[in-house]
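*Asks:* One letter stands for each residue in the lines below.
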Amino acid sequence: MKKPSTLHLFSSSICVAILFLSSFSTPSKHYYGDGLSSTHLKSFKDGNVTIYTLKEDYSEVGHSIWLARGGKKEAKAVYFSEGDVYGKLNKWKQGKELILTCSGAFSDDLSRTNGALPVGLNVEDGYIKNRTVVKEGMDALVIVYATGGIVVSDLTKGDLFLQSLGKEINVRKDVSAKYDLLKWAEDEKATIFQTQLLAYDNKLKIDYQGRKQKRERRFLAFGKTSSGTLYHIIFNFPNGEYLYDGAKKVMDHLNGKNMNVIALLNLDTGAYNVMNLNTGDYSIDSKIKGSTKVSAAVNLLSYHYD
Amino acid sequence: MVFFSDNLQRTVFSNSFLGVLIMVLFPLLLRANYLENYVTLSKELSSQEFFERLSFDSLLNVPEKNQVTYYSWIEKVLNENNRQADTFFLVFSEQYLRRNPVDIKNIRSLNEYLLLGKFLVGHESKYYAIAADYIFMAITDAMTIGFEEETLDKSNDSILSIVKELKKQQYLVSIPTSNLDKGIHHLKKGNLKYIWSRLWFDYPFLCIVGILFLCFVIYLILKKAKKS
Chain D
3 MKKPSTLHLF
13 SSSICVAILF
23 LSSFSTPSKH
33 YYGDGLSSTH
43 LKSFKDGNVT
53 IYTLKEDYSE
63 VGHSIWLARG
73 GKKEAKAVYF
83 SEGDVYGKLN
93 KWKQGKELIL
103 TCSGAFSDDL
113 SRTNGALPVG
123 LNVEDGYIKN
133 RTVVKEGMDA
143 LVIVYATGGI
153 VVSDLTKGDL
163 FLQSLGKEIN
173 VRKDVSAKYD
183 LLKWAEDEKA
193 TIFQTQLLAY
203 DNKLKIDYQG
213 RKQKRERRFL
223 AFGKTSSGTL
233 YHIIFNFPNG
243 EYLYDGAKKV
253 MDHLNGKNMN
263 VIALLNLDTG
273 AYNVMNLNTG
283 DYSIDSKIKG
293 STKVSAAVNL
303 LSYHYD
Chain P
10 MVFFSDNLQR
20 TVFSNSFLGV
30 LIMVLFPLLL
40 RANYLENYVT
50 LSKELSSQEF
60 FERLSFDSLL
70 NVPEKNQVTY
80 YSWIEKVLNE
90 NNRQADTFFL
100 VFSEQYLRRN
110 PVDIKNIRSL
120 NEYLLLGKFL
130 VGHESKYYAI
140 AADYIFMAIT
150 DAMTIGFEEE
160 TLDKSNDSIL
170 SIVKELKKQQ
180 YLVSIPTSNL
190 DKGIHHLKKG
200 NLKYIWSRLW
210 FDYPFLCIVG
220 ILFLCFVIYL
230 ILKKAKKS
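Quick note, the sequences are listed as chains D and P, same order. For the first sequence, my numbering assigns the number 3 to the initial residue and increments by one for each residue that follows. For the second sequence, my numbering assigns the number 10 to the initial residue and increments by one for each residue that follows.
Please note that the accuracy of each hint is not assured.
Using 20 Å as the maximum straight-line C-alpha spacing, the simulated EDC-like pairs for lysine to aspartate or glutamate come out as follows [claimed, not checked]:
(1) D/K131 to P/E133
(2) D/K214 to P/E157
(3) P/K135 to D/D182
(4) P/K135 to D/D189
(5) P/K176 to D/E218
(6) D/K47 to D/E99
(7) P/K173 to P/D112
(8) P/K202 to D/D287
(9) D/K137 to P/E133
(10) P/K176 to D/E170
(11) D/K57 to D/D254
(12) D/K137 to P/D150
(13) D/K137 to P/D166
(14) P/K114 to P/D162
(15) P/K191 to D/E218
(16) D/K175 to D/D156
(17) D/K216 to P/D211
(18) D/K295 to D/D283
(19) P/K198 to D/D86
(20) P/K135 to D/E190
(21) D/K175 to P/E103
(22) D/K131 to P/D162
(23) P/K198 to D/E84
(24) P/K177 to D/D86
(25) D/K185 to P/E133
(26) P/K135 to D/D156
(27) D/K214 to P/D150
(28) P/K202 to D/E218
(29) D/K137 to P/E159
(30) P/K135 to D/E170
(31) P/K177 to D/D254
(32) D/K185 to P/E157
(33) P/K177 to D/E84
(34) P/K135 to D/D176
(35) D/K205 to D/E138
(36) D/K131 to P/D150
Everything labelled a hint here was simulated from the structure, so no lab data went into it.
With these hints in hand, go ahead and build the complete structure from the sequences.
*Replies:* As structure tokens, then:
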């Protein structure tokens, strides 16, 4: 028998690769997830921080990090939206116990102008960074309070109620209200950013059109248990999910636990895919990690304990 | 008016410095007369009546040159007569946008918008800030759509200088970038992990063929090296 040539071997390998990949193809444009299940990985801070492994069809697809809010010991959020965010984080974390740091909203550093600028309305600690309200596709207006709490408003409803102003703010339709909000943010040293709203008031806000690209995904969910405990939950899917599939799985997963999802936000996992967890357990922290170093971040969402 | 000024230029002031100067200042003087006369004659009017009866149309023909001088002069006349300049400019901006919808292909008009916006933003008043927001958001939105629909050339320096100026004023115009441009940008920044993850998610077949081809080339090199 004639010995196969090297070229033959190479072309055979290509054929095998095509067959191998075609087994992964999904001709249907429909959601095909079977639902997430979770297994407990670690709890600390008196059970206020809990990490779960997420599985689908018995294979690991990601992790969720649950941070309890309310009570004496609660995780507090902070957000740095522009400039030397790594330097700001280092300065700010003195005397605090950092639990988690990840990239937040979307930034644009490809606009051929110097420096990355946050996409959508943005204020950091009272300093206005971007006054442009994105009209479509970014329906979440997120306010991070100096107390570490977060409030999300649906911009399509325009129903953000600011107690200190005593009125509802619709920044997309009312320029005067936008001025009032920015003035309030400056006075109160508040932080505001805009991002994609995947679910609000326990309802999904995206449809099948959100099945465009498989990407690493990271979501921030705000959910309340039936007993009223509020959780900020980070869902981390490093292996590639369609936006719609990921959001639907998270919603089903949380609703399955009898949780009311106040809002579900999409966090940026693009070129600045930062994710750092500090559980004190290296095997967990090294697993739940973004591909970009914190020092290269263009914005950062961080949770800590005082 | 056009006929009159053309005739004036052709006959009396042709080629003379004085002629050119008068041609530039003449429209400004007409507007000046209107506002000054109106302010003098309407001293008894309430603030609301004053602005309701004011003919913004007469003031919207902003001179091409001396734009900022013109706005400052309006502001001065109104302030001197105890009329709220901030209210004026709030209505003026709305009317200005209505009369001159943003034409992203007209760089000169975009720069005129910028000048008005920058004039407004330099004041400490809610109405001025809102008026500036109207102007800057109108340009930002129009340019963002222009880049999305590829009717704006993202390599045009004049357009990019407007984008930069807007950024300086804290208004971000998003410029869509092709995957190739993104790839080159991140390659320059050394974000190899990001490039690989995008290639793997979007072109898995190409990645596998590439790896196999690389293995094949290495195999051939090693084979050659062994023989020699």
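*Asks:* Enumerate the violated hints, using their earlier numbering and listing them in ascending order.
*Replies:* 5, 9, 10, 13, 22, 26, 27, 31 and 32
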